[in-house]
Amino acid sequence: MTFAELLSTVFENLGRRKGRVTLTAMGVVIGTASVVVLVSLGIGLQRSTTEQMGAIGSLTQIQVYPGSGDSGPGMVVMKSAGGGSVSVSNVPSDQKLLTDVALRELAELPGVTAVIPQEYAQGGGMFSFEGLEGWGNTVGIGVKDMSVLGLTAEAGTLELSHGTAVIGHYVPRNFFDPRQRMGQEQPEPPDLLGKQLTQTLEKWTDDGSGGGESTRKMLQFRVVGIIAESGGEYDYSIHIPLADVTAINEWALGRRISRAKEGYSSAIVQVADVNQALDITAQITEMGYQAYTPQQFIQGLNSVFLIIQAVFGGIGAISLLVAAIGIANTMTMAILERTREIGLLKAIGATNQDVLSIFLGEAAGIGFIGGLGGVLIGWLGGQIINVLLMAYMVGQATEGGGPPPSMTIYTPLWLSVFSLVFATLVGLLSGLYPAMRAATLVPVTALKYE
Amino acid sequence: MPTPFARMTGLFKTYNLGGATIQALNGVDMDIEAGSFSVIMGPSGSGKSTLLHLLGGLDRPTNGRIEVGAQMLDKLDENALAIYRRKTVGFIFQSFNLLPTMTAVDNVALPMRFARVSRRERHEQALKLLDKVGLADRAYHKPTQLSGGQQQRVAVARSLANDPQLILADEPTGNLDLSSGASIMRLLSELHKSGRTVVVVTHDARMTRYATQTVHIIDGQVVTEAEYEAVLASLDEEMGEEEEEQ
Ligand SMILES: Nc1ncnc2c1ncn2[C@@H]1O[C@H](COP(=O)(O)OP(=O)(O)O)[C@@H](O)[C@H]1O
Ligand SMILES: [Mg+2]
Chain D
0 MTFAELLSTV FENLGRRKGR VTLTAMGVVI GTASVVVLVS LGIGLQRSTT
50 EQMGAIGSLT QIQVYPGSGD SGPGMVVMKS AGGGSVSVSN VPSDQKLLTD
100 VALRELAELP GVTAVIPQEY AQGGGMFSFE GLEGWGNTVG IGVKDMSVLG
150 LTAEAGTLEL SHGTAVIGHY VPRNFFDPRQ RMGQEQPEPP DLLGKQLTQT
200 LEKWTDDGSG GGESTRKMLQ FRVVGIIAES GGEYDYSIHI PLADVTAINE
250 WALGRRISRA KEGYSSAIVQ VADVNQALDI TAQITEMGYQ AYTPQQFIQG
300 LNSVFLIIQA VFGGIGAISL LVAAIGIANT MTMAILERTR EIGLLKAIGA
350 TNQDVLSIFL GEAAGIGFIG GLGGVLIGWL GGQIINVLLM AYMVGQATEG
400 GGPPPSMTIY TPLWLSVFSL VFATLVGLLS GLYPAMRAAT LVPVTALKYE
Chain W
0 MPTPFARMTG LFKTYNLGGA TIQALNGVDM DIEAGSFSVI MGPSGSGKST
50 LLHLLGGLDR PTNGRIEVGA QMLDKLDENA LAIYRRKTVG FIFQSFNLLP
100 TMTAVDNVAL PMRFARVSRR ERHEQALKLL DKVGLADRAY HKPTQLSGGQ
150 QQRVAVARSL ANDPQLILAD EPTGNLDLSS GASIMRLLSE LHKSGRTVVV
200 VTHDARMTRY ATQTVHIIDG QVVTEAEYEA VLASLDEEMG EEEEEQ
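Sequences listed follow chains D and W, in order.
Numbering follows numbering that gives the first Met the number 0, in which position 189 of the first sequence is assigned residue number 188; successive positions increment by one, without gaps.
Numbering follows numbering that gives the first Met the number 0, in which position 144 of the second sequence is assigned residue number 143; successive positions increment by one, without gaps.
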């Protein structure tokens with residue numbers, strides 16, 4: 000029999016027993032639909048999470064920190080002024096520091112387009128602006144123009160110069176009125192562009208006996224630019240030239256800082272190609288530094304989502320398995336009922352293979368029909384859940400005042416195709432044993448069957 | 000003497016029924032000439048159907064050889080045997096064996112499906128064959144809408160679907176009234192006259208009128224007509240005695 004002939008025979012035969020076929024296919028519909036809905040949910044979760052994460056940092060940036068060697072610990076004591084706390088970090092003698100030489104070394108790695116040192120200001124205190132108080136990290140950026148970091152300005156410029164600051168998108172929101180009482184409406188976030196911010200720095204001079212004296216210093220920046228929302232740390236930081244931060248830190252530590260000897264506390268390595276980021280991160284780690292790229296995180300997250308999808312898919316697959324038993328049962332019954340028919344087919348010249356193909360085809364056909372229904376219902380179900388979920392979440396979001404979260408079930412085409420193929424295969428496999436029994440019947444025995 | 004169309008030599012068929020062995024065929028030798036009309040007669044259970052099934056490739060002998068044309072049936076593999084059934088043999092059953100969900104014309108066309116004949120050609124050919132058995136006006140009836148005689152005529156048309164040389168009929172008139180039976184006999188005779196080799200198993204002595212050869216079987220063995228009559232007579236006697244005893 001040709002394939003087309005087989006197909007028409009199979010569907011003719013299925014059409015002869017519509018009721019039975021529909022009932023059996025129903026099991027497959029439910030199984031396939033649950034696979035589609037559950038895996039779509041997993042994919043939707045992954046998509047919305049990854050979307051939000053795209054924001055965590057540019058995928059072409061690698062955060063590099065000094066390497067923590069593992070032998071001969073020395074001690075560097077840093078006095079932080081803020082709360083008078085003393086932070087101690089182990090500095091091994093063979094620690095890989097981010098000195099200027101080291102930065103040049105990193106810059107020479109193939110694929111690296113820029114290496115930008117970064118330094119947090121020590122002893123950062125409250126910001127004030129026209130009676131409002133605010134907070135934020137003060138970060139020194141070792142580059143003239145912050146657009147190198149893939150950022151864009153929402154207002155003003157991204158170019159840094161002495162005495163100026165470029166602030167993140169959410170920094171103005173962190174300003175509040177300290178005189179306001181609980182429950183009172185806070186004022187609108189101030190427009191800080193072109194304005195003068197004052198920061199109060201504070202350091203604690205230890206007198207050795209637990210007591211001490213605090214010294215304050217006022218610092219002024221003029222805001223020259225606001226960075227468009229990046230979704231990352233930049234949104235909450237106040238960026239000033241690296242030299243200005245060095246000056247602040249020298250004051251806080253009470254001594255001069257030699258970048259050649261001590262290095263920077265971190266650097267951003269910008270790479271040309273997203274696909275190289277993981278490779279270059281590994282190379283930098285090999286060199287003895289600590290290096291992180293958001294891609295590592297995404298990779299880790301992706302494997303978590305893969306597990307979630309596998310678990311969800313597995314739950315759906317169990318219902319498909321139950322459906323498979325249903326198909327096997329129906330086919331076995333059909334072959335018992337149609338034994339005489341099989342005998343006749345063989346008597347008029349059907350080969351074992353013809354009979355096998357017909358019965359396998361019927362089993363696969365039930366799987367296919369059920370799969371088609373399941374994919375359709377699963378997709379439709381996902382859409383309905385989406386609509387309900389969105390309505391619910393938008394309601395929640397407007398109450399809370401934040402932007403609406405995006406958590407939607409997503410059914411990609413490949414999932415529909417895969418589920419359909421899978422359902423058909425399940426049908427085929429469950430028909431295998433009954434069809435083989437049918438095919439190998441001796442014609443006379445089959446014809447005499449009552 | 001030319002070799003016959005079909006030759007069966009030393010055929011044995013043994014069935015195992017829960018420990019007991021049944022000798023359905025007990026060393027049958029039989030020749031069938033090309034273009035002949037053979038009638039096989041014998042009491043119920045004598046092995047007539049078994050013999051016809053072996054000749055039609057529907058089953059395999061326990062022992063012995065079957066030669067049809069140049070083919071040794073006992074040596075053919077499953078596939079080749081299926082093709083032998085498809086191309087060389089047309090089988091007619093006592094119980095018709097039509098598929099109840101298909102129309103007459105679809106039933107007749109069914110064997111051609113496995114012979115890779117196109118759908119249209121199958122249909123045309125099946126209509127012609129139905130016309131030949133006088134059922135052109137019943138082509139689109141389901142078997143349940145036909146009388147027994149009409150159903151058997153559909154079955155005869157189906158047996159001709161792939162234009163086989165050998166027509167095998169196992170008690171084709173067994174389920175029919177006298178006149179329907181007679182018309183089936185005439186049909187078979189026509190097939191014989193058109194050059195086909197026909198083998199019919201029957202209880203009906205009227206069939207021997209058309210026969211070129213009549214073979215008698217008793218207890219799985221071929222016997223002469225005289226022996227056959229003697230055995231039948233003794234069987235009748237036994238029956239009579241049993242009746243007297245009662
Ligand atoms: N499948 C079978 N299993 C066991 N015994 C069988 C089987 N088929 C036929 N027989 C036995 O073989 C003998 C011959 O049967 P059969 O050829 O059908 O006889 P006939 O057609 O002459 O009436 C009978 O005794 C019958 O019971
Ligand atoms: Mg019989």
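The hints are simulated quantities; they were obtained by calculation from the structure and are not laboratory data.
Some hints could be false.
Said to hold, decoys possible - In silico SDA-like cross-links for lysine to any residue, where the CA-CA straight-line distance does not exceed 20 Å:
id	chain 1	residue 1	chain 2	residue 2
1	D	LYS95	D	ALA106
2	W	LYS141	D	LEU13
3	D	LYS447	W	GLN124
4	W	LYS86	D	LEU427
5	W	LYS86	D	THR1
6	D	LYS447	W	ASN161
7	W	LYS86	D	ARG337
8	W	LYS86	D	ARG15
9	D	LYS260	D	LEU277
10	W	LYS141	D	ASN12
11	W	LYS141	D	GLY14
12	D	LYS194	D	VAL147
13	D	LYS447	W	ASN15
14	D	LYS447	W	ASP176
15	W	LYS141	W	GLN164
16	D	LYS447	W	THR61
17	D	LYS194	D	GLY124
18	D	LYS447	W	ILE21
19	W	LYS141	W	GLN93
20	W	LYS86	D	GLY14
21	D	LYS17	W	THR8
22	W	LYS74	D	GLU4
23	D	LYS447	W	THR20
24	D	LYS447	W	PRO99
25	D	LYS447	W	THR8
26	W	LYS127	W	GLY173
27	D	LYS17	D	GLY380
28	W	LYS86	D	VAL441
29	D	LYS260	D	LEU427
30	D	LYS447	W	GLY173
31	D	LYS17	W	ASP162
32	W	LYS141	D	ARG15
33	W	LYS74	W	ASN161
34	W	LYS141	D	ARG337
What the hints assert, rightly or not - So the derived list for chain D, only partly shown, Cβ under 10 Å to chain W, looks like this:
id	residue
35	MET0
36	ARG15
37	ARG16
38	GLU107
39	LEU108
40	PRO109
Quick caveat, the model's predicted, so the values are computed rather than measured.
From the three backbone atoms N, C-alpha and C, an ideal C-beta is built for every residue, glycine too.
Cross-check of the supplied hints:
1. LYS95/D with ALA106/D: The given pair, whose Cα atoms are some 16 Å apart, holds under the 20 Å limit.
2. LYS141/W with LEU13/D: Measuring from Cα to Cα gives roughly 18 Å; hence the hint holds.
3. LYS447/D with GLN124/W: The hint is violated at about 29 Å.
4. LYS86/W with LEU427/D: violated, 31 Å
5. LYS86/W with THR1/D: The hint holds at about 18 Å.
6. LYS447/D with ASN161/W: Roughly 24 Å between the alpha carbons, so the hint for LYS447/D and ASN161/W is violated.
7. LYS86/W with ARG337/D: violated, 24 Å
8. LYS86/W with ARG15/D: violated, 28 Å
9. LYS260/D with LEU277/D: violated, 29 Å
10. LYS141/W with ASN12/D: The given pair, whose Cα atoms are some 16 Å apart, holds under the 20 Å limit.
11. LYS141/W with GLY14/D: Distance ~16 Å between LYS141/W and GLY14/D Cα, so the pair holds.
12. LYS194/D with VAL147/D: violated, 25 Å
13. LYS447/D with ASN15/W: Given that 20 Å is the threshold and the Cα spacing comes to 16 Å, the pair holds.
14. LYS447/D with ASP176/W: Violated. LYS447/D to ASP176/W sits at ~23 Å, over the 20 Å cutoff.
15. LYS141/W with GLN164/W: Answer violated: LYS141/W to GLN164/W is near 28 Å, above 20 Å.
16. LYS447/D with THR61/W: Status holds; Cα separation ~19 Å.
17. LYS194/D with GLY124/D: With a Cα-Cα distance of about 18 Å, the restraint between LYS194/D and GLY124/D holds, given a limit of 20 Å.
18. LYS447/D with ILE21/W: Cα-Cα ~17 Å, so holds.
19. LYS141/W with GLN93/W: holds, 18 Å
20. LYS86/W with GLY14/D: At roughly 29 Å apart (the allowed maximum being 20 Å), GLY14/D and LYS86/W break the hint.
21. LYS17/D with THR8/W: Not OK: LYS17/D and THR8/W at ~49 Å, beyond 20 Å, violated.
22. LYS74/W with GLU4/D: Since the Cα atoms of LYS74/W and GLU4/D sit roughly 30 Å apart, the hinted pair is violated (cutoff 20 Å).
23. LYS447/D with THR20/W: Within the cut-off at roughly 19 Å; holds.
24. LYS447/D with PRO99/W: holds, 17 Å
25. LYS447/D with THR8/W: violated, 26 Å
26. LYS127/W with GLY173/W: Judged against 20 Å, a Cα distance of about 26 Å means the pair is violated.
27. LYS17/D with GLY380/D: violated, 25 Å
28. LYS86/W with VAL441/D: At roughly 19 Å apart (the allowed maximum being 20 Å), VAL441/D and LYS86/W satisfy the hint.
29. LYS260/D with LEU427/D: violated, 71 Å
30. LYS447/D with GLY173/W: holds, 16 Å
31. LYS17/D with ASP162/W: Violated: LYS17/D and ASP162/W sit about 34 Å apart, past 20 Å.
32. LYS141/W with ARG15/D: holds, 13 Å
33. LYS74/W with ASN161/W: violated, 23 Å
34. LYS141/W with ARG337/D: Holds - the C-alpha atoms of ARG337/D and LYS141/W are around 18 Å apart, at most 20 Å.
35. MET0: Because about 6 Å separates MET0/D from the closest Cβ in chain W, which is inside the 10 Å limit, the hint holds.
36. ARG15: With a minimum Cβ separation of about 5 Å from chain W (threshold 10 Å), the hint on ARG15/D holds.
37. ARG16: This interface hint holds because 9 Å falls under the 10 Å limit.
38. GLU107: With Cβ-Cβ at 72 Å, over 10 Å, it is violated.
39. LEU108: violated, 67 Å
40. PRO109: violated, 64 Å
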